[in-house]
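Chemist: The lines below spell out each chain.
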Amino acid sequence: MHDRGAWPTDAPIDRTEHELADWELLTDALVHSLASEGLMNVDELRRGIESMPPEEYEQASYYERWVYSIETILTEKGVLAPGELDARMGT
Amino acid sequence: MTFRVGDRVRVADRAHEGHHRTPAYVKGHSGRIERVHGSFTNPETRAYGSEGLPEQVLYQVAFDLDPARTYVDVFEHWLEEGR
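One line per chain: the protein sequences are A and B, in this order. Note that our numbering numbers the first sequence so that position 53 is 53, with each residue one more than the last. Position in the second sequence (first residue = 1) + 100 = our numbering.
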C-alpha cells in the first residue's frame, strides 16, 4: 500500500497547502519527543503507517497517519494499553 | 560487495515481507551508481525496535525508466553486480 510510486494514474496532483492545526504541530512534536526518549524511531513510525488498512490510509490525512502509527507502536510496546487512548478521550 | 561510482548494478527482484525502503518499481532493474552516501542503520530491522546494526552502505542509483531517468537511494544488500 505504502509503496505506490509509479502507479499509473490520470488523477491530478493535489498541491494545495493548508495552515497546520494545533494538533498537527503537537503530533509532530510528540514524535520528536518519543524519538529523543528512545520510545519510537522514524522507521517504526513508517512501519506503523504501512500497517494501516488501505482504505483507512487513503482517507487519512498526513498527520492522522502519524497518530495512527503512534498509537499502534506504543500499544505494541506496552506504553499504551489497548483502547487506552479511546477510553481517555471518551470516544 | 562494495560498489563505486560508475558501477552497473541490478536491484534484487525479491519479495520482502515487512518494512523496507526499496521501491517495487526498481526491483529487477539495472542502473548505475551515482553516489555513495555512506553507511546508515538498517531501516528493515530498526522498524521493529532493533538498533538497525550492522549499518548498511546506501547508494544513489540512476535508472533509465520509462518515462524518465530516475534516481533512487538503495541499500547495498539489495544490489547485485549488473551489466
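Just so you know, not all the hints are guaranteed correct.
Sample of chain B residues facing chain A (criterion: CB under 8 Å; computed from the structure) [said to hold, decoys possible]:
id	residue
1	G106
2	S139
3	P143
4	R146
5	P167
Hints in this document: simulated from the structure, not taken from any laboratory. If you're wondering where the values come from, they're calculated on a predicted model, not measured in any experiment. Where a beta carbon is used, it is the ideal one built from N, C-alpha and C, also for glycine.
Chemist: Now tell me, hint by hint, if it's right for this structure.
Modeler: These are the hints, each one checked on the structure:
1. Proximity of G106 (chain B) to chain A is violated relative to the hint, the smallest CB-CB distance being about 25 Å (cut-off 8 Å).
2. A least Cβ separation of about 16 Å between S139 (chain B) and chain A goes past the 8 Å threshold, and the interface hint is therefore violated.
3. Taken as an interface hint, P143 (chain B) checks out: its beta carbon lies about 4 Å from the nearest beta carbon of chain A, inside 8 Å.
4. Because the smallest distance between the Cβ of R146 (chain B) and any Cβ of chain A comes to about 4 Å, under 8 Å, the interface hint for this residue holds.
5. The beta carbon of P167 (chain B) is not positioned within 8 Å of any beta carbon in chain A (closest approach about 10 Å), and the interface hint is therefore violated.
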